[in-house]
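Participant: Let chain A serve as the given structure and place chains B, C and D with the ligands on it in line with the hints.
Number of protein chains: 4
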Amino acid sequence: MRAAVVTSFDKPLEIMEVAVPEPGPGKIRVRLEASGLCHTDIHAARGDWPVKPGLPFTPGHEGVGIVDRAGAGVASPAAGERVAVPWLGYACGTCEYCVTGWETLCEAQVNTGYGIDGGHAEYLVADARYVVRVPDGIAPAEAAPLTCAGVTTYKAVKVGGVTPGDRVAIFGIGGLGHLAQQYAQIFGGETIGVDVTEEKLALSRRLGAAHVINAATTDPVAAIEALGGADVAVVLAADPRVIEQAHASLRRGGRLVLVSLPKDNTITLPVFQTVLKGIRVIGSIVGTRADLAEVFRLHAAGRTQVLFETRTLDEINDSIEDVLAGRVAARLVMLP
Amino acid sequence: MRAAVVTSFDKPLEIMEVAVPEPGPGKIRVRLEASGLCHTDIHAARGDWPVKPGLPFTPGHEGVGIVDRAGAGVASPAAGERVAVPWLGYACGTCEYCVTGWETLCEAQVNTGYGIDGGHAEYLVADARYVVRVPDGIAPAEAAPLTCAGVTTYKAVKVGGVTPGDRVAIFGIGGLGHLAQQYAQIFGGETIGVDVTEEKLALSRRLGAAHVINAATTDPVAAIEALGGADVAVVLAADPRVIEQAHASLRRGGRLVLVSLPKDNTITLPVFQTVLKGIRVIGSIVGTRADLAEVFRLHAAGRTQVLFETRTLDEINDSIEDVLAGRVAARLVMLP
Amino acid sequence: MRAAVVTSFDKPLEIMEVAVPEPGPGKIRVRLEASGLCHTDIHAARGDWPVKPGLPFTPGHEGVGIVDRAGAGVASPAAGERVAVPWLGYACGTCEYCVTGWETLCEAQVNTGYGIDGGHAEYLVADARYVVRVPDGIAPAEAAPLTCAGVTTYKAVKVGGVTPGDRVAIFGIGGLGHLAQQYAQIFGGETIGVDVTEEKLALSRRLGAAHVINAATTDPVAAIEALGGADVAVVLAADPRVIEQAHASLRRGGRLVLVSLPKDNTITLPVFQTVLKGIRVIGSIVGTRADLAEVFRLHAAGRTQVLFETRTLDEINDSIEDVLAGRVAARLVMLP
Amino acid sequence: MRAAVVTSFDKPLEIMEVAVPEPGPGKIRVRLEASGLCHTDIHAARGDWPVKPGLPFTPGHEGVGIVDRAGAGVASPAAGERVAVPWLGYACGTCEYCVTGWETLCEAQVNTGYGIDGGHAEYLVADARYVVRVPDGIAPAEAAPLTCAGVTTYKAVKVGGVTPGDRVAIFGIGGLGHLAQQYAQIFGGETIGVDVTEEKLALSRRLGAAHVINAATTDPVAAIEALGGADVAVVLAADPRVIEQAHASLRRGGRLVLVSLPKDNTITLPVFQTVLKGIRVIGSIVGTRADLAEVFRLHAAGRTQVLFETRTLDEINDSIEDVLAGRVAARLVMLP
Ligand SMILES: [Zn+2]
Ligand SMILES: [Zn+2]
Ligand SMILES: [Zn+2]
Ligand SMILES: [Zn+2]
Ligand SMILES: [Zn+2]
Ligand SMILES: [Zn+2]
Ligand SMILES: [Zn+2]
Ligand SMILES: [Zn+2]
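Residue numbers (full-length UniProt numbering), protein chains in the order written: chain A, 1 to 336; chain B, 1 to 336; chain C, 1 to 336; chain D, 1 to 336.
Read the hints as simulated data drawn from the structure, not as lab findings. Careful, some of the hints might be misleading.
Which copy is meant is left open, so a pair is good if it fits within one copy or across any two.
Below are the DSS-like pairs computed for lysine-lysine, each with C-alpha atoms no more than 27 Å apart in a straight line [unchecked claim]: (1) Lys277 <-> Lys158; (2) Lys11 <-> Lys158; (3) Lys52 <-> Lys11; (4) Lys52 <-> Lys263; (5) Lys158 <-> Lys263; (6) Lys52 <-> Lys277; (7) Lys158 <-> Lys52; (8) Lys11 <-> Lys263.
Chain A extracted, bound-state conformation (with noise of 0.2 Å):
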């Protein structure tokens, strides 16, 4: 079969053949329909962060596609199902993380397309407990973008708190930020949508804020403030100035949500301002199955769309390099 495969952290990916995985006890195959591109496939590809990939591997954590073959002991998901594969691929399921529905956060986790191999390739082979079935009616490319992008930041606005009434403001309309704003809604908030692009604020009123932000033009503090405030701030935009405008838009008791992983991994706070205005800061790393599942679950039901563009897995260099270029409007989905 063809992947996509890491040799080197200082070069391209090379797309080549290699046997075709087979699934041991308790494992599937699964024959890939999908793979969305995520920029951490990009820091996977990079070795950009401090415990690197073992080389060489497939990233890609946002793969969809059909159960092929299944490992002994397996019961379910059966053969022809179609299942999402994200980037929590293994957790211990003891731990107290896993037992008190924190399986994200399990020390003994590995993750898909970085600990073993992901999504960009015709297969790959997963745990059969960690994938999730895709409902019926959601397209594989409509279905890869959510695996991580959708869980990612649905997870974020539910540790936000978001309920009815709530302004919440989304520092960063793309791929991520076009998912936040709906599930913000979904919550029952009123979103602001802050962005440097008119086309970007153009989809966020399209897909219903109620106020949008152009950063390049009008200081969004500011502009939050007068608006009153926010109630909840998640920040999409890998850039530490960003979080801070987003920490000093809030109003009191507000809480600012981190996802995006800045280079310089340093954020400056005010403590005075976190004290007085009771502020909360919260670290959101994507979702569990059951978050996933329900992601799922309102997209079959017709309440959020997904943006993004489809490119077939040779193109995986030049969609790198239009993402690392500011170059795509939404999400980009590898085809095999």
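Facilitator: For chains B, C and D with the ligands alone, coordinates are given in the frame of chain A:
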């Protein structure tokens, strides 16, 4: 009557004779029996914060005394009852914060000993609705530290979400910390006392800490990690470096509660660890009347002990110097 | 002025001429524009409940009108502003319930149109702190049903803990139910409308129900179980049998929210199923001022629609008969 | 090996010689050291409940022992470790309940000593993932009652939302109640012990109850109301009348936690009071592996004491008679 009055932000307080205030409608006059000295009094007296008090004024927001006279329309508390007069001297009672249990965030609030005259005097006048009755059996000099140091740390532990079995690290075992530790234990937590002197650690151990760490000689981050990491860290030391250590000592899912206000007001936090570990950073400011009533109820039931030393009102300037020099073991309480 | 006055618990209301009331200190006078007719008004007028109102009195706790005169010491609302005067006419503001966000449980509360004269008149006097401003753009006759039917069902959905994707069964699609359904959807729920007439089910479907069940022809328990069971069931029909059905329709972890008050006051519940399925049965009574402000904000944002018919104050006795006979589609609103 | 086997629902258990079971893949064999006798064992042995166990079977879901042999693929626990084998013998690990921290509601669960052989024997085989390690320093005969009585009451107190200062009434101070009371205190509650014998009330007082009520001589509803009403009532007596009393003893905002299962299975509740007082009735069933680990951690930290008497496995039928006749002070623990 005598009062300790701030007449200039760059001079000591003056113990002067002033007119006994009369309670207007909805107000009561309290004859003070004890008045705790909080670090905030010192900031108030020196005009350290952006919004300064109007001069002259009397600081003090841990005043405890007997209701002596009631203004028009006051049904309760009655003359002769003992009450505490906390930082939250008035809130609007009708805004979203006031109605949802967060009166401490009310934007119209007036603060005792800052926006209006406080407890470092023989008498004060207070809004009848915002004082809290002190249950029988609690001595005034014990009730005073509970009125700010107590309720502030109680609320910090509450918003930190401490539940039985949680490991709770208390950074700074002084006037606030020794109470924070006790509250963490009352919520079921297993506490870790962190300080830089052996006396404080001995106190922490005596109050029931499961572990103590001398941060002058041991790296608290490594030591707490060796215990499995903290579920909750409450920071009562006004030092950004300590806040950063507290953040680093958290296990996944951990919560960092900010209470103290470092002079330079900025902390630097790592985004990657905050997101990956699902950490929450929570600012907490004093507590509501209901929180203070709970604090008193717990003390009346014998579940807390308060460390304090008494001084006379005349000694207030020396007392301030002692606090600033770190020469006091716990809370100082002024007797009028 | 004219008012609909209860002079005896066994006679119809009398439309009589009474003196226009004067607002005392802290009170405002409201010139009514609309006043919704709630089932509770009928119970009040007939003395159905253990603690009866003092005679004579004017019922009505969905009054909406313009502030006309303010008593001493009232800073807000100002004359000319439109306000709603809900069931919670006064609460003490200082008890544990009031301070923790649960003013609707205040033991000292006074209820509009029950303990004090209500909205079925040309004018009423209300405590300035307990009325809620009606945002611009909401017509009085729409605001009226939101003032009790709206906020009561909004709160029921809130305490039921509805989150996105939850299946929420609404038992009874009338004046309350059509609003409950909309709120359940705003919280992200997927709704199931249960009623016994096709018109009500058509309404439920039009408002966005994912499923409707005619309980006159289909067993709702079996039908809801076939959908997977309800996460939340909100009961707005005053019939113990319906409450028992709602309980039986819950899936594991489900919540049954009680709002309506059956005449004989007792329900029989199975302990085994409640324990084994981890079910919660939650009593919910009206909502706070903050809840009502949220209800109005959602309506002003175009997120809800209110069904009502207007009548004149003279028609109040016929209106009561129509309500009791089940001859009205939704809420009746009296115009003075 | 010897086991206490149910061979018929209308005969005593038979102490018989059976084959030592072999652990299959993912399973472990435990050599039992102690096995608590729970009331549920008696219901199981008599086929009291709708879904009966298949015959023959060995009851017991408070088994504690040493891992003796591990089946294929078991990494943990290791041979030689001490583990507890609770009621939740297996759950699917992938359903919404399992993933969100509510494995005790898993519809695919298998229960120890009911659906599979339990602890009243010399050996049992258990799913390696669903046993819980017993910390060093806890004796087997103490760990046994914690494995069901402990975790069940711990969870009941947890879902009751007990927080510091809450008044918590414990109805029934026996094998479960004496633990429930201690957990309520660990969560910060002030407890009220309610029972019908002076010995039980003496025990309750000794364990730290702030108040005790002899329901044989005093009306508990009036007595608790005189204290201000209960915030939380936990019912451990299997009598509908006691549940109804517990409901009536709640103050506004109170929570009634149902744990015990009365024989006739129905309770009658007043809707009016439930709604007006904002009461919650909460069914609670055992606890998760994480809850049990917390229970053990609290015990290892010296925060609980367990009352029990030991018997030998041969005495199991007499022991059952003693339990049914109310002749035992606390939990009976069988030694193999
Ligand atoms: Zn885990
Ligand atoms: Zn991703
Ligand atoms: Zn203070
Ligand atoms: Zn306010
Ligand atoms: Zn009503
Ligand atoms: Zn009140
Ligand atoms: Zn049991
Ligand atoms: Zn399950």
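Participant: Up to 27 Å between alpha-carbons, please classify lysine 11 paired with lysine 158: within, between, both or neither.
Facilitator: Neither way: lysine 11 and lysine 158 sit 38 Å apart in one copy and 51 Å across, limit 27 Å.
Participant: From the Cα coordinates, with 27 Å as the cut-off, is the pair lysine 11 and lysine 263 best called within, between, both, or neither?
Facilitator: within (20 Å within a copy, 48 Å between copies)
Participant: When Cα atoms must be at most 27 Å apart, do lysine 158 and lysine 52 count as within-copy, between-copy, both, or neither?
Facilitator: Neither, since 30 Å and 39 Å both go past 27 Å.
Participant: With identical chains treated as interchangeable, where does the CA-CA distance between lysine 52 and lysine 277 reach 27 Å or less: within a copy, between copies, both, or neither?
Facilitator: Close across copies (17 Å), not inside one copy (39 Å); limit 27 Å.
Participant: I want to check one pair: lysine 52 and lysine 11. Are their C-alpha atoms no more than 27 Å apart within a copy, between two copies, both, or neither?
Facilitator: within (15 Å within a copy, 59 Å between copies)
Participant: Taking 27 Å as the upper bound on the Cα-Cα distance, should lysine 277 and lysine 158 be classified as within, between, both, or neither?
Facilitator: both (21 Å within a copy, 17 Å between copies)
Participant: Have a look at lysine 52 and lysine 263 and pick one of within, between, both or neither, based on CA distance no larger than 27 Å.
Facilitator: within (15 Å within a copy, 39 Å between copies)
Participant: Cα distance capped at 27 Å. Does lysine 158 pair with lysine 263 within a copy, between copies, both, or neither?
Facilitator: within (25 Å within a copy, 34 Å between copies)
In this structure, the earlier hints numbered 2 and 7 are contradicted, and the remaining ones agree with it.
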